[in-house]
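Residue numbers (the numbering used here), protein chains in the order written: chain A, 569 to 722; chain B, 128 to 381.
For the record, the hints were derived by calculation from the structure and aren't laboratory data.
The reader is advised that the hints may include incorrect statements.
Claimed, not checked - Subject to a maximum C-alpha distance of 16 Å in a straight line, what follows is the list of computed EDC-like cross-link-like pairs (lysine to aspartate or glutamate):
1) B:Lys283 <-> A:Asp618
2) B:Lys322 <-> A:Glu639
3) B:Lys246 <-> B:Asp377
4) A:Lys716 <-> A:Glu639
5) A:Lys703 <-> B:Asp377
6) B:Lys201 <-> B:Asp304
7) B:Lys284 <-> A:Asp618
Unchecked claim - Covered by chain A, according to a simulated footprint, are these stretches of chain B (three or more residues, beta-carbon under 8 Å):
8) 266-275
9) 309-322
Please read all numbers here as calculations on a predicted model, not as lab measurements.
Using N, Cα and C, we set each Cβ at its ideal position, and we do this for glycine too.
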Amino acid sequence: MAGHRFQDQEHLLRVVGLFLAGVVVFLVLQVLLVPKDFGLYGHYRAGALDDARARPVAFAGAGACAACHSEVADAKKGGKHAAVRCEACHGPLVSHAEADDPAATKPPRPTATLCPVCHTAAVGKPAGFPQVNLKEHAEPGTCLECHKAHRPSV
Amino acid sequence: MSVDRRQFLIQSGKLLVLTGAAATALDHVMAGDPAGAPNYKTTDHWWGMTIDIEKCIGCGNCVRACKEENGVSKEPFYFRTWVERYHVPEGEFEHPEVDSPNGGHDGFPERYRQGDGSKSFFVPKLCNHCAHSPCVQVCPVGATFESPDGVVLVDKKYCLGCRYCVHACPYGCRYIDPVTKVVDKCTLCYHRITKGLTTACCEACPTEARRLADLKDPADPVHEFLRTHKVQVLKPQMATGSKLYYNGLDGSVR
Numbered sequence: 569m570a571g572h573r574f575q576d577q578e579h580l581l582r583v584v585g586l587f588l589a590g591v592v593v594f595l596v597l598q599v600l601l602v603p604k605d606f607g608l609y610g611h612y613r614a615g616a617l618d619d620a621r622a623r624p625v626a627f628a629g630a631g632a633c634a635a636c637h638s639e640v641a642d643a644k645k646g647g648k649h650a651a652v653r654c655e656a657c658h659g660p661l662v663s664h665a666e667a668d669d670p671a672a673t674k675p676p677r678p679t680a681t682l683c684p685v686c687h688t689a690a691v692g693k694p695a696g697f698p699q700v701n702l703k704e705h706a707e708p709g710t711c712l713e714c715h716k717a718h719r720p721s722v
Numbered sequence: 128m129s130v131d132r133r134q135f136l137i138q139s140g141k142l143l144v145l146t147g148a149a150a151t152a153l154d155h156v157m158a159g160d161p162a163g164a165p166n167y168k169t170t171d172h173w174w175g176m177t178i179d180i181e182k183c184i185g186c187g188n189c190v191r192a193c194k195e196e197n198g199v200s201k202e203p204f205y206f207r208t209w210v211e212r213y214h215v216p217e218g219e220f221e222h223p224e225v226d227s228p229n230g231g232h233d234g235f236p237e238r239y240r241q242g243d244g245s246k247s248f249f250v251p252k253l254c255n256h257c258a259h260s261p262c263v264q265v266c267p268v269g270a271t272f273e274s275p276d277g278v279v280l281v282d283k284k285y286c287l288g289c290r291y292c293v294h295a296c297p298y299g300c301r302y303i304d305p306v307t308k309v310v311d312k313c314t315l316c317y318h319r320i321t322k323g324l325t326t327a328c329c330e331a332c333p334t335e336a337r338r339l340a341d342l343k344d345p346a347d348p349v350h351e352f353l354r355t356h357k358v359q360v361l362k363p364q365m366a367t368g369s370k371l372y373y374n375g376l377d378g379s380v381r
């Protein structure tokens with residue numbers, strides 16, 4: 569009986585040894601595989617914040633436009649389009665704003681086909697918003713003959 | 128003692144003139160800003176957005192701008208932001224008719240008639256940047272998280288693409304990117320707002336229906352807006368801590 573007990577103890581020691589070896593392997597792998605900045609702010613990799621910030625900007629922002637085109641910014645002031653930011657109509661223009669020679673990367677001028685995107689009468693638009701029935705209002709594409717885009721009141 | 132006379136006088140002067148805490152603060156000021164974020168401190172901001180449904184005209188400018196700015200797939204069904212059109216027949220509060228053709232990217236073809244006894248309005252949607260996000264809670268690997276400045280972001284290098292968060296988001300704001308095969312969502316234009324710019328959707332919104340809000344900035348007009356308008360978040364019963372404040376939100380909106 570004593571011999572049997574001894575053999576059982578041997579088995580247990582092997583299992584304990586295997587378990588400890590597993591723990592060591594786990595700890596080594598954890599140190600190797602978990603990024604250094606993981607858990608700095610929470611249960612995530614802190615460097616992911618910098619990854620998200622690294623994306624290049626496409627819309628330059630109205631401030632960048634006004635830095636050169638102050639005359640347009642002045643024309644818009646007090647008008648119906650005062651709150652409409654430049655790139656809402658002109659599109660994303662960081663390539664123009666940050667170019668060494670902005671004149672060389674001049675964007676195409678938006679045409680009157682853009683006006684109906686906002687101003688076509690439609691069910692669901694807020695009642696106070698200026699909207700027109702295009703068929704009754706004027707010939708298509710002639711908006712700019714009466715309205716100025718930056719200060720649209722006739 | 129290896130402290131020379133000059134060092135000793137500086138140290139004792141600090142201790143005598145300043146308290147311990149102030150001395151530490153002085154050391155920080157003298158050390159300058161951290162190299163990684165020269166002008167931006169995450170702890171100084173708490174981002175959200177206000178959306179005024181009474182101003183939204185359903186032009187789809189925000190949807191197009193978002194796709195341009197963030198390189199979102201131009202295929203239908205992949206949106207970081209989209210616009211829904213609600214059509215609520217009188218008394219059918221529980222059963223609104225909702226459509227969002229291509230997310231509102233190409234505008235809304237007219238489907239309804241004025242004066243048919245119903246009401247219609249547009250609801251712009253995007254990630255709610257919840258303070259207690261269900262999507263963050265379910266991520267098994269810590270690939271999605273709430274940043275210290277209140278933006279829910281995805282670590283694309285860490286994401287497995289298991290889709291658990293896509294199911295967990297109660298607002299339907301996540302999708303699997305058809306190219307990278309990992310999850311993608313609105314970042315609240317984190318690359319812009321950390322540079323002092325507004326988001327692409329707010330930049331492109333012609334009626335100021337959307338406005339980026341820094342809730343920690345006392346000078347931000349959001350505080351005036353929240354005081355003077357009756358606002359609501361989507362699905363408040365889910366206690367997600369949404370930071371998207373809607374003005375004029377109808378009870379039929381899901």
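Against the structure, the hints:
Distance check on the hinted pair: lysine 283 of chain B and aspartate 618 of chain A sit about 12 Å apart at the alpha-carbon level, within 16 Å; holds. For the hint pairing lysine 322 of chain B with glutamate 639 of chain A, the CA-to-CA distance comes to about 26 Å; that exceeds 16 Å, so the pair is violated. The hinted pair formed by lysine 246 of chain B and aspartate 377 of chain B meets the criterion: a straight-line CA distance of about 10 Å does not exceed 16 Å. For a cut-off of 16 Å, the pair hint linking lysine 716 of chain A to glutamate 639 of chain A stands: about 14 Å separates their Cα positions.
As the CA atoms of lysine 703 of chain A and aspartate 377 of chain B are separated by approximately 32 Å, the hinted pair breaks the 16 Å bound. Annotation: proposed proximity of lysine 201 of chain B to aspartate 304 of chain B holds, straight-line Cα distance about 11 Å (limit 16 Å). Under the criterion of a C-alpha separation no larger than 16 Å, the hint pairing lysine 284 of chain B with aspartate 618 of chain A is consistent with the structure, at around 12 Å. Beta-carbon proximity to chain A at under 8 Å applies to 7 residues in the region 266-275 of chain B; the threshold of 3 is reached and the given coverage holds.
Only residues whose beta carbon comes within less than 8 Å of a beta carbon in chain A count, and the region 309-322 of chain B has 6; three or more means the coverage holds.
In the structure shown, a violation is registered for the earlier hints numbered 2 and 5, in ascending order.
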